[in-house]
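Undergrad: Residue strings, one per chain:
2 protein chains.
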Amino acid sequence: MPEDLRNRVDRQPTVAGLSEADLLARIFPRLRMEGGHDSNLLLGPGDDAAIVAAPDGKTVISIDTQVQDQDFRLLWPNGYRTTGFDVGWKAAAQNLSDINAMGAHATSIVVSLTLPVDTPVRWVEDLADGLRAGIRELGAVHCSVAGGDLGRGREISVTAAVLGNLDGGRPVLRSGARPGDILALAGTVGHAAAGLALLESGVPLDSLTPAEQAFVDLQCRPRPPLEAGPAARAAGATAMLDISDGLLRDGKRLATASHVAVALDPARLTQLADLLGPAAARLGADAAPWVLGGGEDHGLLATFPAGVQLPPGFTAIGSVHALGTDEGPGVLIAGRAADTGGWDHFAH
Amino acid sequence: MPEDLRNRVDRQPTVAGLSEADLLARIFPRLRMEGGHDSNLLLGPGDDAAIVAAPDGKTVISIDTQVQDQDFRLLWPNGYRTTGFDVGWKAAAQNLSDINAMGAHATSIVVSLTLPVDTPVRWVEDLADGLRAGIRELGAVHCSVAGGDLGRGREISVTAAVLGNLDGGRPVLRSGARPGDILALAGTVGHAAAGLALLESGVPLDSLTPAEQAFVDLQCRPRPPLEAGPAARAAGATAMLDISDGLLRDGKRLATASHVAVALDPARLTQLADLLGPAAARLGADAAPWVLGGGEDHGLLATFPAGVQLPPGFTAIGSVHALGTDEGPGVLIAGRAADTGGWDHFAH
Chain A
1 MPEDLRNRVD RQPTVAGLSE ADLLARIFPR LRMEGGHDSN LLLGPGDDAA
51 IVAAPDGKTV ISIDTQVQDQ DFRLLWPNGY RTTGFDVGWK AAAQNLSDIN
101 AMGAHATSIV VSLTLPVDTP VRWVEDLADG LRAGIRELGA VHCSVAGGDL
151 GRGREISVTA AVLGNLDGGR PVLRSGARPG DILALAGTVG HAAAGLALLE
201 SGVPLDSLTP AEQAFVDLQC RPRPPLEAGP AARAAGATAM LDISDGLLRD
251 GKRLATASHV AVALDPARLT QLADLLGPAA ARLGADAAPW VLGGGEDHGL
301 LATFPAGVQL PPGFTAIGSV HALGTDEGPG VLIAGRAADT GGWDHFAH
Chain B
1001 MPEDLRNRVD RQPTVAGLSE ADLLARIFPR LRMEGGHDSN LLLGPGDDAA
1051 IVAAPDGKTV ISIDTQVQDQ DFRLLWPNGY RTTGFDVGWK AAAQNLSDIN
1101 AMGAHATSIV VSLTLPVDTP VRWVEDLADG LRAGIRELGA VHCSVAGGDL
1151 GRGREISVTA AVLGNLDGGR PVLRSGARPG DILALAGTVG HAAAGLALLE
1201 SGVPLDSLTP AEQAFVDLQC RPRPPLEAGP AARAAGATAM LDISDGLLRD
1251 GKRLATASHV AVALDPARLT QLADLLGPAA ARLGADAAPW VLGGGEDHGL
1301 LATFPAGVQL PPGFTAIGSV HALGTDEGPG VLIAGRAADT GGWDHFAH
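Chains A and B supply the protein sequences, listed in that same order. Heads up, the first sequence is in the numbering used here, so the first residue is 1 and it goes up one at a time. Heads up, the second sequence is in the numbering used here, so the first residue is 1001 and it goes up one at a time.
For the record, the hints were derived by calculation from the structure and aren't laboratory data. Warning: the hint list may mix true and false statements.
Claimed, not checked - Rough simulated footprint, nothing fancy, chain A against chain B, three-plus residues with beta-carbon under 8 Å: (1) 1073-1082; (2) 1121-1127; (3) 1267-1281.
To be verified - Ranges of calculated distance between the beta carbons of each label pair, as one might list FRET restraints: (4) 26/A - 1017/B: 53 to 59 Å; (5) 1136/B - 278/A: 56 to 62 Å; (6) 1118/B - 19/A: 30 to 36 Å; (7) 201/A - 1227/B: 57 to 63 Å; (8) 1213/B - 55/A: 19 to 25 Å.
Ideal Cβ positions, reconstructed from N, Cα and C, are used throughout, including at glycine.
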């Protein structure tokens, strides 16, 4: 069982005392959406499978897992305890972001929970609340929870699969960037990484500044810009992906798929790093790796034809270039190749 | 790490030496389908999400997880070692069965793998082969693997989400059974439970009879009758579900959803148990609990209007009755209520 939950187990009912049906009966009412969220749900939980509308004859699909001690700690070094709400929210955010990155909007999520027997029931109910709140507050207004699966394990694991709708349009792939395109960013970058560094530090929770607290909040409950993906598609984005592993790694993925080089503007990187300066100073850390390597904000990196007015939420962060002779696809900063180990190339 | 794999680790490369991209590059080529299997896959692995056809404007969706030591043992008491192939096959079978139970056929599967760092690469490749073989050999001819996710954990966990197509038809729900309907079974029941009992026994692997080996094989690589679900829908089935937790529990689910009683024919139960008699005798066990409680064969329990010719694969196993005064929905055997603890009611 999770060591870090043990002190709560003595005081709270755990899932060990409940059948799967009992636990589902606690969860599903918390996942019910109102206000149009259920509009795509043709058959909800309770049968062998759910049925979701796919009005344009196709569905976008992605799947993502969070595992205890890999993707979150139940108890962080700085004293913060990850709540079920955080994990539920993050499951929603990560999955919705993958749909966003295709330029689609989400229609439905299904969730499979693996729980140690000593997990408090309250923690699981809180996860359901976080999942629902994430969908709702991130603005996935056409998305509902269609169903799920529950099982036992030695560690908490949450897998969500998400469906999306392109409204008859074409998806924005990673492979469409062309030389001359503008490289643009939507959402924040490096904030969740700063939050992670604070969680992993000895800085006490109650001494965090409001800005630092916001970074921690973003690590625990990311806020992908869900309007930006469909807006980018409508504006003619040539390529796009979710920044889940950082500007350098995800920039390289886009460059590789499109067979181009993408250049990041050092002045913009410096601006992005400056936002993180005070938190970096507090920790004696460098903000550059957060900006270049931080992915859990789940922003979008997209390319647009030159001259296109960038849609709301996007700002230019660089440009797309043809590959020179003997040059492989990758990320350039100030004219030099920046590989995933290339922090040195970024002096701010 | 899985204790039971340790003796293999010394001799084999593990996933610890590979990046996620490296491992995906090993897996995805093994999942490629030919012969029409990819017909519903509009965009495959490699982007943030996949795109799957939903020709009639809706998609059926389900999700299911297998966790090491909960749903399978890496090393069984009788000496059998669960292969990656077994786990991949079972992930396909369990998920395809949920789509089958709606009367639909599967269009696509996405998979999320959580792997301890010491998992042999070969074991993961074998899992991909089993997933592909399961889809193909079980006859899911319109289904392909659309994508997936990889991560680390302390135990092996495999979650698959599956999409299905109803071809413009209506799904067969659990709730449509009516008094007077025939109750029918497709596929085997209790064979996988007999296999589980053999795996959990001290009976050496090399002493198994061919029949016993077949039970073990069915536990490790279930064979849901994938033609039967759509055939039942076409024949006018009024209710249907996947037998994943046994005739009694799943029969009660159907009865509850439909607000009826379902009566199991004791003579048919005896016939089903007789098939398991020699294995039960070998273990000094009773075949009745296997027949009434065994679910992992993933057969179908369905109801049909009286007079309908049952579609191929189905045989009658009972009947549907109106609830009497003060009678709750449930399963009857020889006129008596058979609850999940009601083995006594079944004398064969």
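Undergrad: Decide, hint by hint, whether the structure agrees.
TA: Checked hints:
{"no.": "1", "hint": "1073-1082", "verdict": "violated (count 0)"}
{"no.": "2", "hint": "1121-1127", "verdict": "violated (count 0)"}
{"no.": "3", "hint": "1267-1281", "verdict": "violated (count 0)"}
{"no.": "4", "hint": "26/A - 1017/B: 53 to 59 Å", "verdict": "violated (42 Å)"}
{"no.": "5", "hint": "1136/B - 278/A: 56 to 62 Å", "verdict": "holds (57 Å)"}
{"no.": "6", "hint": "1118/B - 19/A: 30 to 36 Å", "verdict": "holds (34 Å)"}
{"no.": "7", "hint": "201/A - 1227/B: 57 to 63 Å", "verdict": "holds (59 Å)"}
{"no.": "8", "hint": "1213/B - 55/A: 19 to 25 Å", "verdict": "violated (49 Å)"}
Of the numbered hints given earlier, the model fails hints 1, 2, 3, 4 and 8; all others are met.
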